[in-house]
Amino acid sequence: MNPKVCIMLSDCSACSGMGKADTERIVSLLSQESAGRVILIKSLCGDEARKSLSSVAVGGCDRAVIGQWCPADRTGKAPNMPKSIDPALVEIVDLSLTSDKAGKGNVERTLGTLAQAAARLSLAEPLKERKIAFASKAVAVIGSSGRAVAAAKLLASHGMQTKIIMPNSHSMKADRIEVIDESAVQCLSGIPGNFRICYTRKGAETETDAAAVLLVGERCFADVKPPKDSKIMVTPLEQFAERPTGKVGGMVFVDDLNAFNSEADVVVPAWHMLLEAAKTAAKNNLADNIAVVARDVKAAGLLELVWKEAAEAGVKFIRYDDKTRPKIEKGENLISVKDLVLGETLYLQADVLVAPITTRPWEPVFIEKLFVPSDWDFKARSRGPQRGVDQSSCDGVFLVGYSNFAKLTDEVEPELSSTIVQIAAMMRQGYHIAKAAVAEITEAKCSGCFTCVRTCPYRAAEMNDSWKAEIIADKCQGCVNCVAVCPSKAIELKNCTRPQIAKEVAASMEVVQ
Amino acid sequence: MSKINIIAFVCENHALSALRAASIAGETLPESVKIVKMPCTGRLETTQLIDTITAGADGIIVVGCLEDNCFHDVGSMLARGRVNRIKDLFKDIKMEPERVEMINAASVSGAMLMLKMRQFEDKVAALPALPFKGAIK
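Chains A and B, in that order, are what the protein sequence lines are.
Once you know that position 210 of the first sequence is 210 in my numbering, the rest is easy, because the numbers rise by one and skip nothing.
Once you know that position 31 of the second sequence is 31 in my numbering, the rest is easy, because the numbers rise by one and skip nothing.
Treat the hints with caution; some may be incorrect.
Said to hold, decoys possible - Far from chain A, some chain B residues (derived; all Cβ distances over 10 Å):
(1) R20
(2) E67
(3) R80
(4) A106
(5) S107
(6) S109
(7) P131
Claimed, not checked - Calculated pairs, DSBU-like style, for lysine-lysine (alpha carbon to alpha carbon, straight line, at most 30 Å):
(8) A/K468 with A/K435
(9) B/K133 with A/K503
(10) B/K87 with A/K489
(11) B/K133 with A/K489
What the hints assert, rightly or not - Facing chain A, a subset of chain B residues (Cβ under 10 Å, in silico):
(12) A22
(13) T47
(14) L78
(15) R85
(16) K123
(17) F132
No wet-lab data here; the hints were simulated from the structure.
Each residue gets a CB set at the ideal place from its N, CA and C atoms; glycine is no exception.
Please take these sequences and the hints and turn them into a complete structure.
As structure tokens, this is what we get:
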């Protein structure tokens, strides 16, 4: 049985700029060309057409093309669509692009555009979106800063079960908050409603589940945690004063090794804190030798007075070039830094090493291990002036950036509120809508070459036990990249098939000839 | 109606919203350009590009997202590779490689996209007609 496509076109001359004669010509030409398979319903406007979609079935059609002229009415498929109609079988075509410069519609081009859409739609298959109920009820907060704690408290106060995954420095007790006392998060994977977070706890790999994930800062992904007896202290500087250390021989403060020179707006406030902390340590006589390792940036001149005060208190400064950054030897408190003045490499043995919370002194391997759905651009978001409050466009994973400098909880709460509201709305909904169009693999054709597994940006393709590729439908976003790369053409996505595209291309040629 | 025929494969994410923005701003498509929507330009195969030429198109534009900001991460990068491969192939068979072009558009760069499309149309219109046009069925 051939599917019947119904074409709906507005005969309103205000939007199309065409006279009644022209519209009627389009109607007659379309009905001729399609040999009775295209039925045309005249309607006032695109919006009206959507409302009258339920009348499509009257003409014996099961799918519709709506030609839209009105520039105001270009909202796509979302509103006013009757629920009984499958959105996969309705195509809304923007015709205003094809009119001429005076805004007058062109008969041939209108005809071509509509015929093209009808050609594609005649091979389309109905698809249904799937609702996946949340498997977990908890929201996980990954992060260790005061901002993370504030976020967890806010989430709990909104009645959500909250898990906070952070290093050992805090001990907090509150209703509905579960503190997972570990920071070395190894991976994050899954779909909204059912995320899996794995981390190492006392050397053993453990995992937990969450419906939504809130990522705070970057420190939460530190790969190696210093052993308990070590005096290496990677700490938020604002908490430096609260940590009793006792008098030691050497204390070294290192600035944010991950920041770039250009990030003066980020670096300068962080430096201020660094210098203040060093100054406090010197004044309280916490160590015999106190050194600050910081890079040579012009913007530091803004803090000249602070530098001076710290220097008078007995703090020594070692400056390094941005190209030759200091190295912190793994597991030891030995810092090697190339001094700009002497032109030599200096080795500093620190009894206590203090670094800002954003520093990852031990080269992280987590980026390879970590998987966050690709909407989250890790590199772009974690650097540069965007480091403020930020929200992810990816479903279920929410990003909250750095505070940039120490802030009180009261200051942080308003910044977090919009993210918290989004999470609350998501949790209240309670289900995740998976994409209707997902790639499907014909297993008999699959040669097991791993090409789709390597290509898929969402990691939805996996190999199964019999070494054939498999698409996890819940993860698939319908981007069709795997279809094109598959050498044995085993993958296909409904409503974007090869015959469909060929037919659409052919339809656009026919009108020209 | 223009004599040449250009197919534009447009990704339905950033590139299509660029077109929408352009149409709201009152711009119109060049006469010979026909739009074929794609979920992502990474869908395009080299064989599809060849088939489009043999079906009677004089030129092909592939409009994808910006490469470091692709909606589906890798799609526009893959598409650019395939377009370059087709250009090499055209050079080998003594056809004009200018007949295929990749344009990267952000969702705000509608005017730029239209300008590039118009330039492409002019370029293709100046080329000699394809000898096999309409001969292959």
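Taking the earlier hints as the rules, which of them does this structure contradict?
1, 15, 16 and 17
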